[in-house]
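Engineer: The residues making up each chain are set out below.
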Amino acid sequence: GAVVSQHPSRVICKSGTSVKIECRSLDFQATTMFWYRQFPKQSLMLMATSNEGSKATYEQGVEKDKFLINHASLTLSTLTVTSAHPEDSSFYICSYSALGGGFEETQYFGPGTRLLVL
Amino acid sequence: AQSVTQLGSHVSVSEGALVLLRCNYSSSVPPYLFWYVQYPNQGLQLLLKYTSAATLVKGINGFEAEFKKSETSFHLTKPSAHMSDAAEYFCAVSVNTGKLIFGQGTTLQVKP
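Each protein sequence line maps, in turn, to chains U and A.
FYI, the numbering for the first sequence is 43 to 160, going by the numbering used here.
FYI, the numbering for the second sequence is 232 to 343, going by the numbering used here.
Derived by calculation from the structure, the hints in this document are not laboratory data.
Backbone N, C-alpha and C fix where the C-beta goes; we use that ideal spot for every residue, glycine too.
A portion of the hints provided could be inaccurate.
[Claimed, not checked] Straight-line Cα separation of at most 20 angstroms, EDC-like style, residue types lysine to aspartate or glutamate; simulated pairs:
#1 U:K62 to U:E94
#2 U:K97 to U:D107
#3 U:K56 to U:D107
#4 A:K289 to U:E147
#5 A:K330 to U:E147
#6 U:K83 to U:E105
#7 U:K62 to U:D107
#8 A:K330 to A:E246
#9 U:K56 to U:E129
#10 A:K299 to A:D316
#11 A:K330 to U:E101
#12 U:K106 to U:D69
#13 U:K83 to A:E246
#14 U:K62 to U:E105
#15 A:K289 to U:E101
#16 A:K342 to A:E302
#17 A:K289 to A:E319
#18 U:K56 to U:D69
#19 U:K83 to A:E295
#20 A:K330 to U:E129
#21 A:K289 to A:D316
[Unchecked claim] If the Cβ cut is set under 8 angstroms, some of the chain U residues that face chain A in the computed set are:
#22 T74
#23 F76
#24 S85
#25 L88
#26 T91
#27 L118
#28 I135
#29 S139
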């Protein structure tokens, strides 16, 4: 299966600061990627979908100005949480779909980033 | 709209016993269905997926799932549980844009 890395694995920051999370595909070129957040003991909720070179499509209720997504290359996507607040504390997970996000395709998930905002 | 329901947020079995994790789906079109496993503080790993080929799908680590259209179910089974199977399991359905809709998750506990 595909290998996806995320950095950092864990970050603690002060309220009001911005945090950038990187998601890399290590062994294939990813045209479509997804960002999820997961609260403790809950399921994954899709935040946004992006295609390389295009603007991200955000799910209803997700603030696009707060969660900035950049998918500038086929191997790197970043999620920046701007002006983070304690309620943004969560587990953020990215995933890649190798062939364009068709609905029968497998998504490969990164190991996740634990964000704690104090 | 597509949705997934996992019956039972917590399942406990003895080591060596049968594992059965239930998943029911709702979809207006033929669904693509997935089972993922998540170990603590890690991302998700694909166990298996159904893509309209065979209704009985075999996955990794001895898991398999059967697609039953009449029951709108895609239950996950393993004949004999191992301690290393203890984890969180998610059933998911893929919608026509490639997005995954996840169920609530089921925590599998394996007792020695």
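Engineer: Run every hint past the structure and note whether it holds.
Structural biologist: These are the hints, each one checked on the structure:
Between K62 (chain U) and E94 (chain U) the alpha-carbon distance is near 18 angstroms, which keeps this suggested pair within the 20 angstroms criterion. With a C-alpha separation of about 12 angstroms, the suggested pair K97 (chain U) and D107 (chain U) falls inside the 20 angstroms cut-off, and the hint holds. Of the pairs offered as hints, the one joining K56 (chain U) and D107 (chain U) holds, with about 19 angstroms between alpha carbons and a cut-off of 20 angstroms not exceeded. Proximity of K289 (chain A) to E147 (chain U) is assessed by CA-CA distance (about 17 angstroms); at most 20 angstroms being required, the pair is judged to hold.
The straight-line distance between the Cα atoms of K330 (chain A) and E147 (chain U) is roughly 10 angstroms, inside the 20 angstroms bound, and the hint therefore holds. Between K83 (chain U) and E105 (chain U) the alpha-carbon distance is near 23 angstroms, which puts this suggested pair outside the 20 angstroms criterion. Restraint check for K62 (chain U) and D107 (chain U): satisfied, since their Cα atoms lie roughly 14 angstroms apart, inside the 20 angstroms limit. Our distance criterion of 20 angstroms between C-alpha atoms is broken by K330 (chain A) and E246 (chain A), whose separation comes to about 35 angstroms.
Only pairs whose Cα atoms come within 20 angstroms are accepted, and K56 (chain U) paired with E129 (chain U) is accepted, the gap being roughly 12 angstroms. Under the criterion of a C-alpha separation no larger than 20 angstroms, the hint pairing K299 (chain A) with D316 (chain A) is inconsistent with the structure, at around 24 angstroms. A distance of roughly 11 angstroms separates the Cα atoms of K330 (chain A) and E101 (chain U); the hinted pair therefore holds under the 20 angstroms criterion. Between K106 (chain U) and D69 (chain U) the CA atoms are separated by roughly 29 angstroms; this puts the pair beyond 20 angstroms, and the hint is violated.
Between K83 (chain U) and E246 (chain A) the alpha-carbon distance is near 24 angstroms, which puts this suggested pair outside the 20 angstroms criterion. The hinted pair formed by K62 (chain U) and E105 (chain U) meets the criterion: a straight-line CA distance of about 16 angstroms does not exceed 20 angstroms. For the hint linking K289 (chain A) to E101 (chain U), the alpha-carbon distance of about 33 angstroms lies beyond 20 angstroms, and the restraint is violated. For the given pair, K342 (chain A) sits about 30 angstroms from E302 (chain A) by alpha-carbon distance, which is inconsistent with the 20 angstroms threshold.
Annotation: proposed proximity of K289 (chain A) to E319 (chain A) holds, straight-line Cα distance about 19 angstroms (limit 20 angstroms). The hinted pair formed by K56 (chain U) and D69 (chain U) fails the criterion: a straight-line CA distance of about 34 angstroms is larger than 20 angstroms. A C-alpha spacing of about 25 angstroms is found between K83 (chain U) and E295 (chain A), which places the hinted pair above 20 angstroms, so the restraint is violated. Pair hint K330 (chain A) plus E129 (chain U) does not hold up; C-alpha atoms about 25 angstroms apart against a cutoff of 20 angstroms.
Restraint check: the Cα-Cα separation between K289 (chain A) and D316 (chain A) comes to about 16 angstroms, which is no more than 20 angstroms; the hinted pair holds. Interface restraint check: T74 (chain U) against chain A, minimum CB-CB distance 6 angstroms, threshold 8 angstroms, status holds. A least Cβ separation of about 7 angstroms between F76 (chain U) and chain A falls short of the 8 angstroms threshold, and the interface hint therefore holds. The interface hint given for S85 (chain U) holds, since its Cβ lies 5 angstroms from the closest Cβ of chain A, which is under the 8 angstroms cut-off.
Interface restraint check: L88 (chain U) against chain A, minimum CB-CB distance 6 angstroms, threshold 8 angstroms, status holds. Of the supplied interface hints, the one on T91 (chain U) holds, with its beta-carbon coming within about 6 angstroms of a beta-carbon of chain A, less than 8 angstroms. Hint status for L118 (chain U): violated, given a least beta-carbon distance of 17 angstroms to chain A, over 8 angstroms. With 8 angstroms as the threshold, the beta carbon of I135 (chain U) comes within range of chain A, its nearest partner Cβ sitting at about 5 angstroms, so the hint holds.
Here the hint on S139 (chain U) is kept, as its CB sits about 6 angstroms from the closest CB of chain A, short of 8 angstroms.
Going down the numbered hints, you'll see the structure goes against 6, 8, 10, 12, 13, 15, 16, 18, 19, 20, 27, while the others check out.
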